[in-house]
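*Asks:* Letter by letter, the chains look like this.
Number of protein chains: 2
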Amino acid sequence: MAHSGSLLWRNLRVYQIYGANTDVGKTIFTTALCNAASKLYSNDLTGYLKPVSTGPGDAADEQSQPHKTIPKDADLLSSIYSHLSDAAGSGTGNPGGWFFIETAGGVHSPGPSGTSQAELYRPLRCPVLLVGDAKLGGISTTISAFESLRLRGYDIEAVLLFEDEQFRNYDYLKSYFEKKHGVRVVSTPAPPLSESQGSQEDTERMARYYKEIVASGRVKSVLEHLDEQHKARVTRLESLSSQGYQRIWWPFTQQKLLSPAKITAIDSASGDFFQTLNTSSPEDLPEHQAKQAPASQKPLLQSSFDGSASWWTQGLGHANSSLTLAAAYAGGRYGHVMFAEAIHEPALALAETLLKGMRDGGNSRLSRVFYSDDGSTGVESALKMGLRAARTRYGWPVDTKLGIIGLEGAYHGDTIGAMDCADPSAYNEKVEWYEGKGVWFKPPSVMCRRGKWTVKIPAGFEGNGLALAGEMEAESLSDVFDFRAREARGEHRVYEAHVERVLKYHLDKGRKFGAIMMEPIILGAGGMVLVDPLFQRALVNVVRRSQHLFSPESVQQPRGETDWTGLPVIFDEVFTGLYRLGRFTASSFLGLDADVSIHAKLLTGGLVPLCATLASESIFQAFVSNDKTDALLHGHSYTAHPVGCQVALESLRQMQTMESSGSWAEFQNGVSGANDACWSIWSSPLVEWLSRHPSVAGVWALGSVMAIHLESPGGSGYTSTAAIALRDALRASNQGPAQNPWNVHSRVLGNVLYLMGGQKTEKDVVLQIERLLRQHLT
Amino acid sequence: MAHSGSLLWRNLRVYQIYGANTDVGKTIFTTALCNAASKLYSNDLTGYLKPVSTGPGDAADEQSQPHKTIPKDADLLSSIYSHLSDAAGSGTGNPGGWFFIETAGGVHSPGPSGTSQAELYRPLRCPVLLVGDAKLGGISTTISAFESLRLRGYDIEAVLLFEDEQFRNYDYLKSYFEKKHGVRVVSTPAPPLSESQGSQEDTERMARYYKEIVASGRVKSVLEHLDEQHKARVTRLESLSSQGYQRIWWPFTQQKLLSPAKITAIDSASGDFFQTLNTSSPEDLPEHQAKQAPASQKPLLQSSFDGSASWWTQGLGHANSSLTLAAAYAGGRYGHVMFAEAIHEPALALAETLLKGMRDGGNSRLSRVFYSDDGSTGVESALKMGLRAARTRYGWPVDTKLGIIGLEGAYHGDTIGAMDCADPSAYNEKVEWYEGKGVWFKPPSVMCRRGKWTVKIPAGFEGNGLALAGEMEAESLSDVFDFRAREARGEHRVYEAHVERVLKYHLDKGRKFGAIMMEPIILGAGGMVLVDPLFQRALVNVVRRSQHLFSPESVQQPRGETDWTGLPVIFDEVFTGLYRLGRFTASSFLGLDADVSIHAKLLTGGLVPLCATLASESIFQAFVSNDKTDALLHGHSYTAHPVGCQVALESLRQMQTMESSGSWAEFQNGVSGANDACWSIWSSPLVEWLSRHPSVAGVWALGSVMAIHLESPGGSGYTSTAAIALRDALRASNQGPAQNPWNVHSRVLGNVLYLMGGQKTEKDVVLQIERLLRQHLT
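Protein chains in written order, with UniProt numbering: chain X, 1 to 778; chain R, 1 to 778.
One thing to keep in mind: the hints can contain errors.
[Said to hold, decoys possible] Which residues of chain X face chain R? A few of them, derived with a C-beta cut under 10 Å, are:
| id | residue |
| --- | --- |
| 1 | A20 |
| 2 | H181 |
| 3 | P192 |
| 4 | L193 |
| 5 | I266 |
| 6 | D306 |
| 7 | A330 |
| 8 | V337 |
| 9 | A342 |
| 10 | I343 |
| 11 | G417 |
| 12 | V431 |
| 13 | N626 |
Since the hints were derived computationally from the structure, they do not count as laboratory data.
Here the structure is a predicted model, which means the values were calculated and not measured.
Yeah, the Cβ is synthetic: ideal placement off N, Cα and C, and Gly gets one too.
Given the sequences, and given the hints that come with them, work out the whole structure.
*Replies:* Here you go:
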């Protein structure tokens, strides 16, 4: 349960001293800084910490000591955080304090557990003083150490190094860092050579040395610079929300209902946690914490579990250095590659990986990858594909008004074409060029209610003499997903009859349809509705066998098994795909192979936007002709940008490796009571408990998602505020380090509060959130 | 004129030996590899090169030697390339060869000119053998050196290091690199300590040592691994096009007209140059080259000037390490930040920079920044902004059919909303949901024809008793852009009268308009048309004073100077802005301040997609209400993604610094004969020469863009092929290292061939392209 925030207090200036190499003078600079701080800021506390000191000198810095008890990374961070919290608290009444945390060896020298220190300490994201290497070769090691720190998101406040008159690295590095990175470089004379280590003379010589360099003003200039930077950082951080409030136009946000106080200032993130500006005033805090932390000493940053998986994009954690390195590699190898009649390795490799992943997930139709920039543009390209394929096969004229078949509550993005695929709502009806083009089925939905898994059938489900209304119960979610058993029992018949009846009704009125587009399993932005998979199957199966309805005059037979029939089937897996629900493709829950499939969000693990629209060969062939103007008229400047493709490759590689190595076993087995068919990181006991809570209308959990539908007497939908209270309680759930050192940042959709982890979210974190839910749901 | 390609031959295996630090054993490993190669591959050539060797041992590796003549970076690369070309050629008949290029010091140790070696040698992008550091601290320096190489796009084939039994770095590093990066680590015993350097005994001891480690099989295993990797790389590179041909669905491409041979395989890029697979067979080559290079020894990679600025995205060069580091920093600090009711530093700082840049460029209206993922989505959000502002002010019902006012030949993107802003054409009319919504003015256009700058007036320009037809001539492009003088002469009156007449015609028929949307100055994808700036001014000025036409019943007065009037004015600066035409904002050429302004492409210098739509406060206020559903309904998961914002900040910072420090003076002064108003990297003499060429209908150059409109008897537009011959000639223009070591990759739009540099394109490169044009235009 140890999770520590980043180190930032208003009056305590904390720095981590990293070295470009071992034996570059970290201890000497740290000592000099401590000496100078004590002298020049004599009212302040000056503190020093070397968390991983492994014996006399630096001699064994790099290697962990197997004969000692090795602290876990998280415990080490926790103890540093708690040490610094005490320091920040102990100075009550003091104007401030300085604290220097010395690392061991170089930036990547392993900590006790073997983790590189640059990685290990990253959650603290302390401003860094990098001690450069004055020796031969030190220009290179200093710059590389700097780069390793930067690519982990560290701010390097200054580079400090000795003045070796032979190599004069400081001349080069001063110009390099100041010009290229705006980073201050301060050099001091090298310390005297030790003549006899530990001798009285040696001690005196070093004491004189420290006195001299402190007196020289160089160290003072560092402290002054740090003090300025610290103040500037705090001021800027505290003004982010108000400055943003004046300049930023937020997406989907009624800004009149916003105020600077409601805007979360995010300083950084790592793993599942944001570091947000702590805006609670002492009066807001629980008593025990208010006592501990008067305003001037309260931590300025707050760890906040990213409960929306950062708008559903996170899989492998924020600031995952493997993804960062993948991005950097592609940036360094290509920058940009214009993707007209050109090919590059990451674009091809990603196409291969996606096609194989879909094939392994059961879809043998897909053979082509079209890249775009985000889910919405991916949907637009999919739409163009589907409509063209249908129109050309059925010989409809170009000005035929074609609609799509979809689900009520669908969301496919905010560009006009994607919007037009969604049914009218209070929101999109206000958009001037929006014109819903299609027919949308209200689907049966699944939730656990009062301890029972229930399929809720909307009114009017009937056809072919069959009718269905109300609710059906199932033993488990897995039973709901067992479509083979349910079809064997004939449960799909009324669904299919209903679909046929509704389609005929519209077709009889002369409407024409060009494609079916659906989010498989979950309607995400439309309110986190878990759709009965049997209904999605029924819808697709009816469409696929109904060429006679869509184009009565057409006699064309399918050309092979992978050809589309009836209408092209487009699955928008932007949210539900790529392991969000526990599987590479959400369509595998349905046993259906889409003709067009859209993938984004988790594809790049949150780093950069990218979308891949996959299509079958029969869809692709609809655009193949001798006429240039028959080509798919879609593209973006950054189509298949190498950075995105490389990151996606790494993201998929890691998630696929996790799947094949059973990384989610502890969620899959036992705990949740789920079987292979559907498992979740959120436990079955919790889901059941929630479902019986009087405030809860229903709940479901699948993969890393849990959606809690709250009772909402005032109606559900976007205008509901039923979930706000729970969201706010979770956000105020930080109750001091002893109990829960972090709060939960979650998002609501109308009356639904959802929680979403990543693929690397740890069980103890999930369990703690479960505890918080039980505590705060009222 | 020295530009070298990357080093890749089928039978010559070339490696660059980098060290994690100085004195880690680069020379020893290189020697061992050479020894082993000579022995094990005795039919092969084995070569060795140490380009920057600065005296005995490594002692002065890091420092340039001021007393010697310092070679320029480009010359150094050239000489290495030429040396290796000779080596590849000299082995005629041999099965192959090995070549090892040893670097000096560590990866970032400065080369002769002071440039870090990792940067200096990057254009060669040789596969790397990284010699790790076995000493204390060496785990850290080895990993950091690896990361510095990766973020410059190097492939590290193996890490080699000595087995120091005290520190055992090889244990840690072997597991680290193999698990985390799939990179082979090979260790060998450390060499014997020298007892008396240079002595006979010492020499013998080392000879024994080399013999032992070669015999041990370790070095052999390295060579075998390298040989495998080399073959795999070549095979993969040569199959990229055919594999891609089967799996990739290219944007805007009629794939039936494509074949693997027409697909450019891009191995990497740096600066203005792609490295593309050299597909020319000896028969295709000019005689002198065919003789020099039989098929087996021809270079597999070809330097190709990126003449489309990689689809108009490049400003600071491909693989610019400052942009890469900016991306890596944001990746490491945040990963993703969900941007609902949240703010982070790069998003705010970028908003501030953009708003200030526009203000400095003369636009005092813009106050808000809305982020999206690309130009097309930026256009969609701009459109929603403009239409809503007009509709709410004028009290039109939500179902009012609103059109936009635009220019014929406009292009704003490929999502349906953006497409609908463009006039119908052979292409977009085939898109099922496309429905052009607006009225589009055919604009007067500007070109240099037969030595004269000419404004061509389309037929039908008349109104209010005035009429204009045919052509107007000007002394210079700057005169055309001097709208103050032209307005003083009354030249705008007929434009304004024409605009008023056409608008009245449509309004009288009951049509309603909600915004005016234009690409300022240049219609890019619509055929590289330079629009007479006076006409764009006339159009906007008429619209802004014509509230009485658009909404006769409205009596509302503008609220302050930054309020929009008539209709909201949207400038799509995606292509023309951010220095593409030489200025921060293209609107400054027009002296007009947009109400909404869209920026992308150069914004992120080609690294990742990002778009910023800037709006005035009066536009923003149209969405402010107590009703949530009145909010701007637009957003993407990756809205304001930190990586993009950070890269954009760095990109803008660099370009703004270049502007303020006069980096483009040599293009601005004298050479082009242009003045402040409009200058280009393409010289006036060239433009004039081209304009007089019988194959050229007209030409213009502005900023980094030059568009050559070729005579096209078969009609212009997308179906023309007039420019293909010139494009193909430029692509075949590599005539051997002595004359022109690179070719030109350019793009055509119908009968237009355009060439586009970046903001860092050097004069000698431009001059060489000018020479090629003079040579190849027939």
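*Asks:* A separate judgement is required for each hint: does it hold in the structure or not?
*Replies:* Taking the hints in turn, this is what the structure says about them:
Checking A20 of chain X against chain R by beta carbon gives a least distance of about 8 Å; that is within 10 Å, so the hint holds. With a least beta-carbon distance of about 8 Å to chain R, the hint placing H181 of chain X at the interface is held under the 10 Å criterion. For the restraint placing P192 of chain X at the interface with chain R, the shortest Cβ-Cβ distance is roughly 22 Å, beyond the 10 Å limit, so the hint is violated. The interface hint given for L193 of chain X is broken, as the beta carbon of that residue sits about 19 Å from the closest beta carbon of chain R, more than 10 Å.
Of the supplied interface hints, the one on I266 of chain X holds, with its beta-carbon coming within about 5 Å of a beta-carbon of chain R, less than 10 Å. Because the smallest distance between the Cβ of D306 of chain X and any Cβ of chain R comes to about 8 Å, under 10 Å, the interface hint for this residue holds. Against a cut-off of 10 Å between C-beta atoms, the interface hint on A330 of chain X holds, since the closest Cβ of chain R lies about 7 Å away. Hint status for V337 of chain X: holds, given a least beta-carbon distance of 5 Å to chain R, under 10 Å.
Against a cut-off of 10 Å between C-beta atoms, the interface hint on A342 of chain X holds, since the closest Cβ of chain R lies about 4 Å away. Of the supplied interface hints, the one on I343 of chain X holds, with its beta-carbon coming within about 4 Å of a beta-carbon of chain R, less than 10 Å. The criterion of a C-beta within 10 Å of any C-beta in chain R is met by G417 of chain X, whose closest approach is roughly 3 Å, and the hint holds. For V431 of chain X, the interface hint holds, the least distance from its beta-carbon to any beta-carbon of chain R being 6 Å, beneath 10 Å.
Given the 10 Å rule on beta carbons, the hint for N626 of chain X holds: about 6 Å separates it from the nearest Cβ of chain R.
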